[in-house]
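Go ahead and model the full structure; you've got the sequences and the hints to work with.
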Amino acid sequence: MQQLPDCYLWMAGEGPLREALEEQAKQEGMIDRIRFAGWRTDRGALLAACDICVLPSRYEPFGTVILDAWSTETPLVACAAAGPRAYIRTGENGMLTPIDDLQALVDAIRSVLDDSTLRDRIVSGGLADYEHGFTPKVVIDRWRAIYGACLASV
19 MQQLPDCYLW MAGEGPLREA LEEQAKQEGM IDRIRFAGWR TDRGALLAAC DICVLPSRYE
79 PFGTVILDAW STETPLVACA AAGPRAYIRT GENGMLTPID DLQALVDAIR SVLDDSTLRD
139 RIVSGGLADY EHGFTPKVVI DRWRAIYGAC LASV
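Position in the sequence shown (first residue = 1) + 18 = this note's numbering.
Calculated directly from the structure, the hints in this document are not laboratory data.
Each residue gets a CB set at the ideal place from its N, CA and C atoms; glycine is no exception.
Treat each hint with caution, since some may be false.
Calculated pairs, SDA-like style, for lysine to any residue (alpha carbon to alpha carbon, straight line, at most 25 Å) [stated by the list, open to error]: (1) 155 to 124; (2) 44 to 62; (3) 155 to 62; (4) 155 to 59; (5) 155 to 104; (6) 155 to 66; (7) 155 to 90; (8) 155 to 167; (9) 44 to 19; (10) 155 to 129; (11) 155 to 86; (12) 155 to 169; (13) 155 to 142; (14) 155 to 81.
Quick list of simulated restraints, FRET-style, between CB atoms [to be verified]: (15) 161 to 19: 38 to 44 Å; (16) 45 to 149: 39 to 45 Å; (17) 42 to 171: 52 to 58 Å; (18) 34 to 149: 34 to 40 Å.
As structure tokens, this is what we get:
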């Protein structure tokens, strides 16, 4: 946050570290720039209000946050945990950074915020990937095809 003085952070979700994170934000004088939003059922609305979605997870098997960001046309920066690494192509549909590399994460965030061409490209790519492979209709059609093939073979 200190390297991104013009940014505010909304942390969505709950977990055992929340109190410690709130205390750390207070101690570092950042509490006025960080909102702890708790568990949200309106992630799409929250993301649509954001300039960027950052997924700094060390461990992320897939995470629907990727789909939420893509479907709301919110630029995505993520650490290269297994799930994001399988779906995000840096510079095409998001930005990947090495896990635990804070400077790389800051640089990627700054790049997306400062470069409108990059931002537009990754938003477009993310939305295209979402529409091609992850909309409810696409997923339902794929499941129907699987079930149909199973039923046809019995």
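Original post:
Tell me, which hint numbers fail for this structure?
Top reply: 1, 2 and 10
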